[in-house]
Amino acid sequence: MWKAIWDYVQRTVSPRHFYDIGGQWLPWLWAVAGVLLTVGAVWGLAYAPPDYQQGNSYRIIFIHVPAASIAMGGYVLMATCGLISLVWKVKTAEMVARSVAAIGAWFCLIALFTGAVWGKPTWGTYWVWDARLTSMLILLFLYLGVLGLYSAYESAASAGKAAAILALVGVVNLPIIKYSVEWWNTLHQGSTFVATARPTMPPEMYLPLIVMFFGCYAFFGAAVIARTRNEIVQRERRTQWVKDIVRKESAHGI
Amino acid sequence: MSAAISLLWRDLRLAMRQPGDWLTPLGFFLLVVMLFPLAVTADPHKLALMAPGVIWVAALLSMLLSLDGLFRQDLEDGSLEQLLVAPASLPLMVLAKVAAHWLQTGFCLVLLSPVAAVMLSMDMAALPTLMGSLLLGTPVLSLIGAVAAGLTVALRRAGALVPLITLPLMVPVIVFATGSVQAAVIGLPVAGYMALLAAFLVLAVTLIPFAVAAALRIAVGG
Numbered sequence: 001m002w003k004a005i006w007d008y009v010q011r012t013v014s015p016r017h018f019y020d021i022g023g024q025w026l027p028w029l030w031a032v033a034g035v036l037l038t039v040g041a042v043w044g045l046a047y048a049p050p051d052y053q054q055g056n057s058y059r060i061i062f063i064h065v066p067a068a069s070i071a072m073g074g075y076v077l078m079a080t081c082g083l084i085s086l087v088w089k090v091k092t093a094e095m096v097a098r099s100v101a102a103i104g105a106w107f108c109l110i111a112l113f114t115g116a117v118w119g120k121p122t123w124g125t126y127w128v129w130d131a132r133l134t135s136m137l138i139l140l141f142l143y144l145g146v147l148g149l150y151s152a153y154e155s156a157a158s159a160g161k162a163a164a165i166l167a168l169v170g171v172v173n174l175p176i177i178k179y180s181v182e183w184w185n186t187l188h189q190g191s192t193f194v195a196t197a198r199p200t201m202p203p204e205m206y207l208p209l210i211v212m213f214f215g216c217y218a219f220f221g222a223a224v225i226a227r228t229r230n231e232i233v234q235r236e237r238r239t240q241w242v243k244d245i246v247r248k249e250s251a252h253g254i
Numbered sequence: 001m002s003a004a005i006s007l008l009w010r011d012l013r014l015a016m017r018q019p020g021d022w023l024t025p026l027g028f029f030l031l032v033v034m035l036f037p038l039a040v041t042a043d044p045h046k047l048a049l050m051a052p053g054v055i056w057v058a059a060l061l062s063m064l065l066s067l068d069g070l071f072r073q074d075l076e077d078g079s080l081e082q083l084l085v086a087p088a089s090l091p092l093m094v095l096a097k098v099a100a101h102w103l104q105t106g107f108c109l110v111l112l113s114p115v116a117a118v119m120l121s122m123d124m125a126a127l128p129t130l131m132g133s134l135l136l137g138t139p140v141l142s143l144i145g146a147v148a149a150g151l152t153v154a155l156r157r158a159g160a161l162v163p164l165i166t167l168p169l170m171v172p173v174i175v176f177a178t179g180s181v182q183a184a185v186i187g188l189p190v191a192g193y194m195a196l197l198a199a200f201l202v203l204a205v206t207l208i209p210f211a212v213a214a215a216l217r218i219a220v221g222g
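These protein sequences, in sequence, are chains H and F. 1 is the number of the first residue of the first sequence in the working numbering; add one for each residue after it. 1 is the number of the first residue of the second sequence in the working numbering; add one for each residue after it.
Check each hint, because a few of them may be wrong.
Quick list of simulated restraints, FRET-style, between CB atoms [stated by the list, open to error]:
| hint | chain 1 | residue 1 | chain 2 | residue 2 | range |
| --- | --- | --- | --- | --- | --- |
| 1 | F | L31 | H | V42 | 56 to 66 Å |
| 2 | F | V57 | H | F113 | 20 to 30 Å |
| 3 | H | Y179 | F | D123 | 22 to 32 Å |
| 4 | H | G73 | F | G192 | 29 to 39 Å |
| 5 | H | H17 | F | P19 | 56 to 66 Å |
| 6 | F | L207 | H | M1 | 30 to 40 Å |
| 7 | H | Q240 | F | R156 | 32 to 42 Å |
| 8 | F | L14 | H | H17 | 36 to 46 Å |
| 9 | F | R156 | H | R237 | 18 to 28 Å |
| 10 | H | R11 | F | R13 | 49 to 59 Å |
Which stretches of chain H does chain F cover? Using the computed rule of at least three CB atoms under 8 Å from a CB of chain F, they are [as the list claims (entries may be wrong)]:
| hint | stretch |
| --- | --- |
| 11 | 143-150 |
| 12 | 166-178 |
| 13 | 233-243 |
Read the hints as simulated data drawn from the structure, not as lab findings. Even for Gly, the Cβ is constructed at its ideal location relative to N, Cα and C.
Generate the whole structure from the sequences, applying the supplied hints.
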């Protein structure tokens, strides 16, 4: 019984299956991301009321907060995929982890950049050594370490395992880093959303933010799936099913 | 256990026969400390203000410098592969190797730190705290560094990868260690900082050898 379930799971998470399912999901995910991001951006930038203290400059929140959330969640997702790939030897998880690393690092950079742009009118400076900014910067370096390890290995399989170990060490360290830096210095405003509390913003402001949140997550998901599919084709290029796909697609192209 | 102890002795005997390997990072430590008065200011008051941070950053850099050789020599002469296939517990062996590395670097830095404190005219009342924080903090740096050294041991072009991997993970140690010395300088109690550093050490000693062992198996075994 357990063996049958296990076999089924292994078949479902095989690279080939992921490639097919991902290909079916991808157009829908891109469409959802496009619609939500357009609605959220127009609503947030044009229709949401200005803040009573920060005026219009607060509107960068609509990209800053989702990006920061994805950057942090992405690292945990990467470590989870790494754990799955190490413990159950799931090849697809290894490739997803690699895609999440590359895309999560970009979101981390976006969060830092938009934060700097927002900091100038609000705090009067692009950068302060505040706890949240500093831990975000450290997170970026953690991502870069993982990416550096990926590119240093020649064999993709060992690179995946090595990066998984590093991601796991990093994710254990993440709360320690966060609290040590928080204790060290803090100036940043508190969290915008706490899942268990009512938001302190009026609905005209937080509704577009929620739309942007889901839009950004859909975009992130679509980007990860698209990148993972590329990774699958590249790594499995010697298998027959990839050769078939390439033959079919190139016949279409020509 | 006896295998781990004999590995520790072997590493220490090897170090004794090649003193350059572990003396160079110690010289580097004093050189970095020397650069700060030259580059920033020679004013004793300002130097004393910077001293805890400068000494800790210099110690960290000098530990990084020595990490590259932690497993590389053993990989080149084949003894690392013997360790991997030996019937002894690999995490315990890793712990022995890291202990030998720490005795050559971190422990010597503890002994050298009074010299650096004098060079930066630090308040001597804070010296016991500085040495205590180094005693508790540098083994953690050795252990974190061992993860990166293990992951990159078989790589030809590791380059700046070891610092890139290890430095972000070392942030908590730096924050609390320098915090303890700064608190000691202005006469605040330091027991809390020391307790946290000791907690980091316990956490690192119990968990990191397993990560290093896994890293070595991947890096060497493929």
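Tested hints:
no.: 1; hint: F:L31 - H:V42: 56 to 66 Å; in the structure: 58 Å, holds
no.: 2; hint: F:V57 - H:F113: 20 to 30 Å; in the structure: 27 Å, holds
no.: 3; hint: H:Y179 - F:D123: 22 to 32 Å; in the structure: 28 Å, holds
no.: 4; hint: H:G73 - F:G192: 29 to 39 Å; in the structure: 32 Å, holds
no.: 5; hint: H:H17 - F:P19: 56 to 66 Å; in the structure: 59 Å, holds
no.: 6; hint: F:L207 - H:M1: 30 to 40 Å; in the structure: 35 Å, holds
no.: 7; hint: H:Q240 - F:R156: 32 to 42 Å; in the structure: 33 Å, holds
no.: 8; hint: F:L14 - H:H17: 36 to 46 Å; in the structure: 51 Å, violated
no.: 9; hint: F:R156 - H:R237: 18 to 28 Å; in the structure: 24 Å, holds
no.: 10; hint: H:R11 - F:R13: 49 to 59 Å; in the structure: 55 Å, holds
no.: 11; hint: 143-150; in the structure: holds (count 4)
no.: 12; hint: 166-178; in the structure: holds (count 8)
no.: 13; hint: 233-243; in the structure: violated (count 0)
Of the numbered hints listed earlier, those contradicted by the structure are 8, 13.
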